[in-house]
Amino acid sequence: MLIKLTGGKVYDPASGIAGVVQEVYFQDGRIIDTPKEVPVDKEYDCRGKVIMSGAIDMHTHIGGGKGNIARTMLPEDHRQDPVPRTHITRSGNGHAMPSTYVTGYRYAEMGYTAGFEPAVLPINARQAHMEMADIPILDKGGYVMLGSDDYFLRMLTAKKDQKAINDYVAFTINAAKAIGVKVVNPGGINAFKFNQRKLDLDEQNSHYGVTPRQILQVLATAVKELGISHPLHVHGCNLGVPGNIQTTLDTIQGIGGLPMHLTHIQFHSYGTEGDLKFSSGAAQIAEAVNKNKNITIDVGQILFGQTVTASGDNMRQYANHKFASPNKWVCMDIECDAGCGVVPFKYRDQNFVNALQWAIGLETFLLVDDPWRIFLTTDHPNGAPFTSYPHLIRLLMDRTFRNEMLATIHPQAQLMTTLGSITREYTLDEIAIMTRAGAAKLIGLKERGGLAPGYWADITVYTDNANREAMFEKPDYVFKDGELVVVDGKVVMTKWGTTHIVRPDFDPSVEKDLQSYFDRYLTMKLGNFKISDDEITEDGRGSLTVHPTVGGAV
Amino acid sequence: MTVFTEVPSPFCGVGTDDLTIQVDGLTVKVTAYGCAVNSPAFEQAIGDTSPKIAGKTVSLQEAVSKAACLLADSKQSVMGGCATDVNGMRALLSLADRCGAVVDNMNFTAARNNFLALQDSGWMNTTLAEVKNRCDVLLVVGTDVESFAPRFFERYIWSQDAMFLDNPHQRDVIYLGKSPSGSASLSPEGKPATVLTCVNEALPEVVLALRALVKGKPIQALDVCGIAIADLQSIADKLKAAKYGVVTWAAGALGVDNHAELTVQTVSEMIKDINDKGTRCSGLPLAGKEGDLTANQVCGWTTGYPARVRFAKGYPEYDPFLYDSKTMLANGEADTLVWVQAFNVNATPPVSDIPTIVIGRSGMTFTKEPDVFIPVGTPGIDHAGHAYRTDNVVAIRLKKLRDSGLPSTADVLTAIELALQEQNHVN
Numbered sequence: 043m044l045i046k047l048t049g050g051k052v053y054d055p056a057s058g059i060a061g062v063v064q065e066v067y068f069q070d071g072r073i074i075d076t077p078k079e080v081p082v083d084k085e086y087d088c089r090g091k092v093i094m095s096g097a098i099d100m101h102t103h104i105g106g107g108k109g110n111i112a113r114t115m116l117p118e119d120h121r122q123d124p125v126p127r128t129h130i131t132r133s134g135n136g137h138a139m140p141s142t143y144v145t146g147y148r149y150a151e152m153g154y155t156a157g158f159e160p161a162v163l164p165i166n167a168r169q170a171h172m173e174m175a176d177i178p179i180l181d182k183g184g185y186v187m188l189g190s191d192d193y194f195l196r197m198l199t200a201k202k203d204q205k206a207i208n209d210y211v212a213f214t215i216n217a218a219k220a221i222g223v224k225v226v227n228p229g230g231i232n233a234f235k236f237n238q239r240k241l242d243l244d245e246q247n248s249h250y251g252v253t254p255r256q257i258l259q260v261l262a263t264a265v266k267e268l269g270i271s272h273p274l275h276v277h278g279c280n281l282g283v284p285g286n287i288q289t290t291l292d293t294i295q296g297i298g299g300l301p302m303h304l305t306h307i308q309f310h311s312y313g314t315e316g317d318l319k320f321s322s323g324a325a326q327i328a329e330a331v332n333k334n335k336n337i338t339i340d341v342g343q344i345l346f347g348q349t350v351t352a353s354g355d356n357m358r359q360y361a362n363h364k365f366a367s368p369n370k371w372v373c374m375d376i377e378c379d380a381g382c383g384v385v386p387f388k389y390r391d392q393n394f395v396n397a398l399q400w401a402i403g404l405e406t407f408l409l410v411d412d413p414w415r416i417f418l419t420t421d422h423p424n425g426a427p428f429t430s431y432p433h434l435i436r437l438l439m440d441r442t443f444r445n446e447m448l449a450t451i452h453p454q455a456q457l458m459t460t461l462g463s464i465t466r467e468y469t470l471d472e473i474a475i476m477t478r479a480g481a482a483k484l485i486g487l488k489e490r491g492g493l494a495p496g497y498w499a500d501i502t503v504y505t506d507n508a509n510r511e512a513m514f515e516k517p518d519y520v521f522k523d524g525e526l527v528v529v530d531g532k533v534v535m536t537k538w539g540t541t542h543i544v545r546p547d548f549d550p551s552v553e554k555d556l557q558s559y560f561d562r563y564l565t566m567k568l569g570n571f572k573i574s575d576d577e578i579t580e581d582g583r584g585s586l587t588v589h590p591t592v593g594g595a596v
Numbered sequence: 283m284t285v286f287t288e289v290p291s292p293f294c295g296v297g298t299d300d301l302t303i304q305v306d307g308l309t310v311k312v313t314a315y316g317c318a319v320n321s322p323a324f325e326q327a328i329g330d331t332s333p334k335i336a337g338k339t340v341s342l343q344e345a346v347s348k349a350a351c352l353l354a355d356s357k358q359s360v361m362g363g364c365a366t367d368v369n370g371m372r373a374l375l376s377l378a379d380r381c382g383a384v385v386d387n388m389n390f391t392a393a394r395n396n397f398l399a400l401q402d403s404g405w406m407n408t409t410l411a412e413v414k415n416r417c418d419v420l421l422v423v424g425t426d427v428e429s430f431a432p433r434f435f436e437r438y439i440w441s442q443d444a445m446f447l448d449n450p451h452q453r454d455v456i457y458l459g460k461s462p463s464g465s466a467s468l469s470p471e472g473k474p475a476t477v478l479t480c481v482n483e484a485l486p487e488v489v490l491a492l493r494a495l496v497k498g499k500p501i502q503a504l505d506v507c508g509i510a511i512a513d514l515q516s517i518a519d520k521l522k523a524a525k526y527g528v529v530t531w532a533a534g535a536l537g538v539d540n541h542a543e544l545t546v547q548t549v550s551e552m553i554k555d556i557n558d559k560g561t562r563c564s565g566l567p568l569a570g571k572e573g574d575l576t577a578n579q580v581c582g583w584t585t586g587y588p589a590r591v592r593f594a595k596g597y598p599e600y601d602p603f604l605y606d607s608k609t610m611l612a613n614g615e616a617d618t619l620v621w622v623q624a625f626n627v628n629a630t631p632p633v634s635d636i637p638t639i640v641i642g643r644s645g646m647t648f649t650k651e652p653d654v655f656i657p658v659g660t661p662g663i664d665h666a667g668h669a670y671r672t673d674n675v676v677a678i679r680l681k682k683l684r685d686s687g688l689p690s691t692a693d694v695l696t697a698i699e700l701a702l703q704e705q706n707h708v709n
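Which chain is which? The protein sequence lines are A and B, in order.
Per the numbering used here, the very first residue in the first sequence carries number 43; after that it's consecutive.
Per the numbering used here, the very first residue in the second sequence carries number 283; after that it's consecutive.
It should be emphasised that the hints constitute simulated quantities derived from the structure, not laboratory data.
Errors might be hidden in some of the hints.
[To be verified] With a cut-off of at most 30 Å between alpha-carbon atoms, the simulated DSS-like pairs for lysine-lysine come out as follows:
1) A:Lys319 / B:Lys681
2) B:Lys525 / B:Lys357
3) B:Lys681 / A:Lys554
4) A:Lys364 / B:Lys499
5) A:Lys364 / B:Lys497
6) B:Lys357 / B:Lys559
7) A:Lys388 / B:Lys525
8) A:Lys370 / B:Lys559
9) B:Lys554 / A:Lys370
10) A:Lys554 / B:Lys608
11) B:Lys559 / A:Lys388
12) A:Lys364 / B:Lys559
13) A:Lys537 / B:Lys595
14) B:Lys497 / A:Lys567
15) A:Lys567 / B:Lys311
16) A:Lys240 / B:Lys525
17) A:Lys572 / B:Lys357
18) A:Lys370 / B:Lys595
19) B:Lys682 / A:Lys537
20) B:Lys559 / A:Lys319
21) B:Lys311 / A:Lys240
22) B:Lys554 / A:Lys532
23) A:Lys78 / A:Lys46
24) A:Lys572 / B:Lys682
25) A:Lys370 / B:Lys497
If we strip away everything but chain A, and leave its shape as in the complex, we get (with noise of 0.2 Å):
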């Protein structure tokens, strides 16, 4: 089926192209050049309307241990979101951590196509790959953790080359079916388990005497030498600790010019000026990031109300329980791999510093010049459920708007942030770059994120509307790999995505030492350890789209 949008104003950053009238087409799942003469099966008309690529969440707690928990830990917050079936639709709940049906449908019907699992644990990929699964519509893939698991800290520690921790990094990443390699905490989360309650840059596990600088300079070697097109991605020491600013400017110095995502970096641009001691740091952060071209970030915006924050740094998220809103809350040591800490949180406009933490957010933002480096995410659900995305898009796209918003927060906060003299009002284009090409590209994604012939015809249609919350909040149209799945904010269709990974070479002799360690330490026999493809695709909903290493074969 030969299908016309026309007349619509196109942001295609992936090709150069901000805002120009021009018909795009598509057939059998990928857009085509202008066909001649070939009569089209099916026209919209979109004169007045904006067209983009789909969105692509790179950073979001969609699968995985910890969302589960969160799910089951929250009860009452789902009975306030209850989501009843349609003839096309399964029924369950949203709120903070929605059901995986859910947040697919909500997903699509923001305009979004792929979301990205940042965190997950290698022994618990399998629960990552089933609950996303389980995801309608969206496109998925997911960062496997290293860096606090004790066979890692053990190599390091024996003084292991390089080129034996790539060896692992790959197995890993295969292992557990990933497109990319995050640490969360640096060492920190195995720390924990030996009773260190923090982790410096430059403090040693008590046990193995390794840094977390070193942590990072080794896994951010692995990623770059097996060609991995994601940088290391990074949760970095200290989340949410006054003063962090220090530590996170340390890690962008000490990882050396090597490629680095620091992921949700609002909770580490933390200073310790003013009568209360927390200060935004954020123009300091956004200073380096800007001189660093190595570097890119999410800002992990946070925005007021009931959420529940679930991460795989447990040393934090133990010492942030008594924050707990409501009071119960998870911490998991999780098998010498990593772990997890789940701590529901209610961010209050009224409070100074989650109204400080909300300009921090902003302020990182509308400081980094460059939209390639800089990606949406409210780290969902620990800032915010993914829902509030387009009242962040608004925030940035709307100086007047944000500047009525600032007027209503923690007066102390208002006074501690430079963001009402900050004019900057991010375009339709920087948007997309944000949301589509940059993060198209950041992941390494192949034929996605972009309009360009030989894309998939992943495709949102949104009508042009001075309140941008609105505008995103409910596109006309949503295009998965070329069907229509979204009609005026609501689902239509549904459909499966596809799961995307990457395949980097190993020594398979490497597989030796690991099944005597698995033998002797583990639980699990290392043959059962590893997923095997139609664990993925067996049910004939799922599927594997491998990308391209830099400088490898498929």
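Go by the hints and put chain B onto chain A.
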């Protein structure tokens, strides 16, 4: 004859995956690493392979169609058992969503002891590999571990190696509540566990006293429910002196309808207290039987709630008491029962007068023939699948060991849903 090695078991809950299994035609024999739970469960002979309607053999299609008819006529169906693999649970929830059914895992009333604590105050837990490598003090609360999982001690406590213990055979094991039924908790060096017994009903009070001692609160009494305060004090001291203490319990062993959730909650809060006082300590709830954690996990991500939900209003509602299928059947609140049990031939449905559809492991027999019986294969024997083990983190990949031709739970439930959809279409 085929021999399979490193076979994972969905039966014992603790995820043993080192079994050697010999398959000769349809006969299965565990030849290495078997135990009192796993061996009989794997070796259970196949019985019926044909479905039955009211005891009479019919085709699969007829049985599916009859089941769909019964569900079409139902105003409030109940799907009990829910003992299957991940795909089976997915299909069950899909069907329940369509029918407006109640979904109730057969172990939920036991698991409720944990869920009430989790949903009220939370916990700090750990997983089996952490126990194996770090645990230096193990406190067992109200549970006979070895009858639950015969190989727990062998695999996770008396291991040859532990990364962070000089000698894993010197771990301290303490039983509070029940005494061990066998010798599994005896260390290889011959050191017996410390045992302090009391009845289940006394546990909430006993663990409250223990928590008070952990927090350094003075207790005037000399004993609590027959246990000397001095003995409890020594447990508190051991937990506080441990490098990595672990407290384990099986929710079902603590009893049902006796407010055992208070035991779970007090123990979990005590673990938090120990961490707040500067020592690491974690909980380890034991479960994973009959697909209970699998049911709760899949129901969790599909609905947001663990596996006691109702879809009657068109969306899932959770109530840990109201949607107890046993109570609903007793009160006449359900008009059709679907019983799903792919693991255990002895776990037959509760006998009731309402139309009953059984999707059961082949070999299941009944005192009263159900309206529809569709024998299915067992995940991990007749087809591949996934199941969660006790720590609720690790999903094991179940293998297919033989070609029995038996359909999977998911095959059957999906077919019933399709038939129901077609019937609704016709009507």
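Hint-by-hint comparison with the structure:
Taken as a hint, the Lys319 of chain A and Lys681 of chain B pair is broken in the structure, with Cα atoms around 57 Å apart against an allowance of 30 Å. For the hint pairing Lys525 of chain B with Lys357 of chain B, the CA-to-CA distance comes to about 56 Å; that exceeds 30 Å, so the pair is violated. In summary, the hint linking Lys681 of chain B to Lys554 of chain A is supported, as the alpha carbons are separated by about 23 Å, within the 30 Å threshold. In summary, the hint linking Lys364 of chain A to Lys499 of chain B is supported, as the alpha carbons are separated by about 22 Å, within the 30 Å threshold.
Simply put, Lys364 of chain A and Lys497 of chain B have alpha-carbon atoms about 18 Å apart, close enough for the 30 Å limit, and the pair holds. For the suggested pair Lys357 of chain B and Lys559 of chain B, the alpha carbons sit about 54 Å apart, so the restraint of at most 30 Å is broken. The straight-line distance between the Cα atoms of Lys388 of chain A and Lys525 of chain B is roughly 34 Å, outside the 30 Å bound, and the hint therefore fails. As the CA atoms of Lys370 of chain A and Lys559 of chain B are separated by approximately 18 Å, the hinted pair is consistent with the 30 Å bound.
For the hint linking Lys554 of chain B to Lys370 of chain A, the alpha-carbon distance of about 11 Å falls within 30 Å, and the restraint holds. Among the hinted pairs, Lys554 of chain A with Lys608 of chain B is inconsistent with the structure: their alpha-carbon atoms are about 51 Å apart, more than 30 Å. Of the supplied pair hints, the one linking Lys559 of chain B and Lys388 of chain A holds, its CA atoms being roughly 26 Å apart against a limit of 30 Å. At roughly 14 Å between alpha-carbon atoms, Lys364 of chain A and Lys559 of chain B fall within 30 Å of each other, so this suggested pair holds.
A threshold of 30 Å between alpha carbons decides the hint, and for Lys537 of chain A with Lys595 of chain B the separation of about 25 Å falls inside it, so the pair holds. At most 30 Å may separate the alpha-carbon atoms for a hinted pair to count; Lys497 of chain B and Lys567 of chain A exceed this at roughly 40 Å. For the proposed pair Lys567 of chain A and Lys311 of chain B, the alpha carbon gap of about 21 Å is at most 30 Å, so the pair holds. This hinted pair checks out: Lys240 of chain A and Lys525 of chain B have alpha carbons roughly 17 Å apart, not beyond 30 Å.
Distance check on the hinted pair: Lys572 of chain A and Lys357 of chain B sit about 45 Å apart at the alpha-carbon level, beyond 30 Å; violated. For the given pair, Lys370 of chain A sits about 29 Å from Lys595 of chain B by alpha-carbon distance, which is consistent with the 30 Å threshold. The straight-line distance between the Cα atoms of Lys682 of chain B and Lys537 of chain A is roughly 29 Å, inside the 30 Å bound, and the hint therefore holds. This hinted pair checks out: Lys559 of chain B and Lys319 of chain A have alpha carbons roughly 26 Å apart, not beyond 30 Å.
With a C-alpha separation of about 51 Å, the suggested pair Lys311 of chain B and Lys240 of chain A falls outside the 30 Å cut-off, and the hint is violated. For a cut-off of 30 Å, the pair hint linking Lys554 of chain B to Lys532 of chain A is broken: about 44 Å separates their Cα positions. The straight-line distance between the Cα atoms of Lys78 of chain A and Lys46 of chain A is roughly 13 Å, inside the 30 Å bound, and the hint therefore holds. Distance check on the hinted pair: Lys572 of chain A and Lys682 of chain B sit about 17 Å apart at the alpha-carbon level, within 30 Å; holds.
The hinted pair formed by Lys370 of chain A and Lys497 of chain B meets the criterion: a straight-line CA distance of about 19 Å does not exceed 30 Å.
Checked against the numbered hints listed earlier, the structure breaks hints 1, 2, 6, 7, 10, 14, 17, 21 and 22; every other hint is satisfied.
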